[in-house]
Amino acid sequence: MTQKKNKKLAKTTNIELLKYYKDMLLIRRFEEKAGQLYGMGLIGGFCHLYIGQEAVVVGLEACSNEGDKRITSYRDHGHMIACGMDPRGVMAELTGRTDGYSKGKGGSMHMFSKEKNFFGGHGIVAAQVPIGAGLAFSDKYRDNKFVTFTYFGDGAANQGQVYETYNMAMLWELPVIFIIENNQYAMGTSVGRSTKSPSLWMRGSAYGIPGAEVDGMDVLAVKAAGDIAVAHCRSGKGPYILEVKTYRYRGHSMSDPARYRTRDEVQKMRSNRDPIEQIRDMLISGKHSSEADLKNIDMKIKELVNDAAEFSQSSPEPDLSELYQDIYVET
Amino acid sequence: MSINILMPALSPTMDEGTLAKWYVKEGDLVKPGDILAEIETDKATMEFEAVDEGVIEKIFVPEGTAEVKVNQIIASIIVENESVATSNELNVEKEPVGKKLSTDKKVLEITVDTQSNKKNVELKQSTVRDALRDAMAEEMRLDENVFLMGEEVAQYQGAYKISQGLLEEFGSKRVIDTPITEHGFTGIGIGAAFGGLKPIVEFMTFNFAMQAIDQIINSAAKTLYMSGGQMGCPIVFRGPNGAASRVGAQHSQDYSAWFAQIPGLKVVAPYSAGDAKGLLKTAIRDPNPVIFLENEILYNQTFNMPADDEQTIPFGQAKIRKTGDDVTIVSFGIGLKYALEASKELSQLGIEAEVIDLRTLRPLDTKTIITSVMKTNRCVTVEEGFPVCSIGSFISSTLMQEAFDYLDAPVICCTGRDVPMPYAANLEKLALVTTSDVVDAVKSVVYR
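In order, the protein sequences belong to chains A and B. My numbering numbers the first residue of the first sequence as 1 and each following residue consecutively. My numbering numbers the first residue of the second sequence as 1001 and each following residue consecutively.
Misleading hints may appear alongside valid ones.
To be verified - Calculated cross-link-like contacts (lysine to aspartate or glutamate; reagent style DMTMM-like; alpha-carbon spacing at most 25 Å):
1) B/1173 x A/143
2) B/1173 x B/1122
3) B/1222 x A/317
4) B/1069 x B/1047
5) A/145 x B/1143
6) A/19 x A/277
7) A/114 x B/1214
8) A/33 x A/265
9) A/237 x B/1177
10) A/22 x A/322
11) B/1173 x A/173
12) A/287 x A/277
13) B/1222 x A/99
14) B/1222 x A/115
15) B/1222 x A/322
16) B/1198 x A/317
17) B/1198 x B/1286
18) B/1322 x B/1286
19) A/145 x B/1144
20) B/1198 x A/115
21) A/114 x B/1028
22) B/1198 x A/330
23) B/1222 x A/86
24) B/1429 x B/1440
25) B/1198 x A/143
26) B/1222 x A/319
27) B/1069 x B/1122
28) A/114 x B/1144
29) A/114 x B/1286
30) B/1198 x A/86
31) A/145 x B/1177
32) B/1124 x B/1177
33) B/1367 x A/143
34) B/1222 x A/330
Rather than coming from a laboratory, the hints here were simulated on the basis of the structure. No experiment lies behind these values; they were computed from the predicted model shown.
From just these sequences and the hints, can you work out the full model?
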């Protein structure tokens, strides 16, 4: 599947284009701010930024219906914002404050929103894959038409539980879309250094699961491929795999110097393939938006992110009594 | 020459069985591989084949006979060729070899297990196996969201027959055979629980749960906390835990202390049929992840229990199985067998032990233990698990911190030995905690 072909397939409107632009930009600006707060010591621990990968989750969220579920790994800020979680609550969780989505007890890697059907935020590589299939199991059990978007990285794709899950998901025809966000590097190890498989999505064929590779820097391509995957799952045919070729601009986490790749490689991606710039160009060249319109949007997003950042610093740390809360559901 | 045909042992824990049906009669010619009889074990009904070619000489045990001991002569066969000396023949001469531990293992032990002190509680008899099945069936009838998944739980009727009949009643949507893939199906079960269902995940044994330990600890136990209380995981992980009989190191570990260490999990280890049922019902209704540790050797034990189907037993309440003033013996699960046997022996020596059955390990009813020790001033703990960082060592430290002034002797923890479980019958016996270990420990703490 080439980029060009996907673009031909993709049908969109100027309203949709503008929404993708806004959603991706919000994630980008949010992550930049998170990186800044981390540098100031306001965010602790591990913090994995989504910068560069925005088109993946924005494109796929555009394929979802109310009631669908999503679950991902620890590189999760983008997913939370894309599914409509409040940037204030996400940022306050990053700073470990009481108004965070997990009352400050989860942190960057462990955040959840029952309301938005966002099931985490999982810190163990690939653990979310069978759990995602289990969420889909619960929907099939109830005989509704919801699907579960289960995201994982190219690194997780080598974990055994992924294939245990593929096997059962197909066996039981679970409505789960496995999305491999292939950003080329599992921490510091490139895909080429971790497997001889030419493609990750094709591994599903051993279990009879259909799939496709898609250009993850192109939100329209992601949306088009996502629609096919969702239709397949929703019709009761079982799982589907999307391998989304993407790229993260920042290190694996904030503490990663990223010496395993050249500056030039990163710069080329940024200059030639940036998902946000691509849509910006389309909006301008297609005369859907003016420079002034977009500048206005940029400013509003900046305000939203600054507000989240301020909120995340003014929210108090959790009450000390929280130490012993939420270990068990009271009976 | 005539060769005896012996009652075969068809499972690791089988000491006796029912000779359900003979497929041959006296005078029949049989060849190796011909089916001679159908035998019901504690786990399954199995066909029993001829090893030798010959004519059935005599049938000693008629069909329909129950409680036929392993290695008992059930028939004899006339073999023409004398060179066909079989292992059976050798066995007859050295019969006790095959009898293994049967002297100290009673398959049908009737123990009174009244759930409360209330008078006139209507009782019935049940094995632990049936009690567990009944608990699941009753809860599945009550709540559409409860389902059972695991290896061989459906069509095979359970590797240990715990789920017998459930597939017929509830269908394949709710009684689900999984492939052999513990890590995967544990994760799927947890996801289903996050999705609002109430899975019962059966591990064929808890040894295999080690394949899935990450999902149990990191996903099931911790997510409620990490989500600030949003994402509960109402799931039960159940199956046999601890040593069975002669199955070696990888199939004989007691994981009680492992799971009991984890905040976010509840851990249950019942001894009697009534407790198994009442606690499993509670476990299924509990909105938290529950580790339900059964014991293969206890499955076939029969207990008196309340006939009332609605009886549930709250977590965190130990049960005093015998009162006494001289020493407190604390145990759980199969450990109670040794604790209770020891208490009988000790009674004959004039030492009256108070025997506490913990029933749940997390939450742990330390109050009942401390109250008892304040009366007896001595404590011995009994468990099959390893000694280092055991349940007993936690109880011991708790008593030191909370009842130090009441202790007249050090707490002694009777545990399994600090070795991987050996296969050889004599070594296995040596590795397990025994009744005499408990008797000796009690004598030591009462200075007798």
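Against the structure, the hints:
1. B/1173 x A/143: holds (11 Å)
2. B/1173 x B/1122: violated (35 Å)
3. B/1222 x A/317: holds (20 Å)
4. B/1069 x B/1047: Status holds; Cα separation ~17 Å.
5. A/145 x B/1143: holds (22 Å)
6. A/19 x A/277: holds (14 Å)
7. A/114 x B/1214: Within the cut-off at roughly 23 Å; holds.
8. A/33 x A/265: The hint holds at about 24 Å.
9. A/237 x B/1177: holds (20 Å)
10. A/22 x A/322: violated (36 Å)
11. B/1173 x A/173: holds (13 Å)
12. A/287 x A/277: Roughly 15 Å between the alpha carbons, so the hint for residue 287 of chain A and residue 277 of chain A holds.
13. B/1222 x A/99: holds (20 Å)
14. B/1222 x A/115: holds (20 Å)
15. B/1222 x A/322: Roughly 15 Å separates the two Cα atoms, so the pair holds.
16. B/1198 x A/317: Not OK: residue 1198 of chain B and residue 317 of chain A at ~34 Å, beyond 25 Å, violated.
17. B/1198 x B/1286: holds (9 Å)
18. B/1322 x B/1286: violated (29 Å)
19. A/145 x B/1144: Roughly 19 Å between the alpha carbons, so the hint for residue 145 of chain A and residue 1144 of chain B holds.
20. B/1198 x A/115: holds (20 Å)
21. A/114 x B/1028: This hinted pair is violated, its Cα atoms lying about 70 Å apart.
22. B/1198 x A/330: Holds, at about 16 Å.
23. B/1222 x A/86: holds (24 Å)
24. B/1429 x B/1440: holds (17 Å)
25. B/1198 x A/143: holds (16 Å)
26. B/1222 x A/319: Holds. Residue 1222 of chain B to residue 319 of chain A sits at ~19 Å (cutoff 25 Å).
27. B/1069 x B/1122: Distance ~33 Å between residue 1069 of chain B and residue 1122 of chain B Cα, so the pair is violated.
28. A/114 x B/1144: Holds: residue 114 of chain A and residue 1144 of chain B sit about 22 Å apart, inside 25 Å.
29. A/114 x B/1286: This hinted pair holds, its Cα atoms lying about 20 Å apart.
30. B/1198 x A/86: violated (30 Å)
31. A/145 x B/1177: holds (24 Å)
32. B/1124 x B/1177: Violated, because 31 Å separates the two Cα atoms, which is more than 25 Å.
33. B/1367 x A/143: Violated, at about 47 Å.
34. B/1222 x A/330: Holds, at roughly 15 Å.
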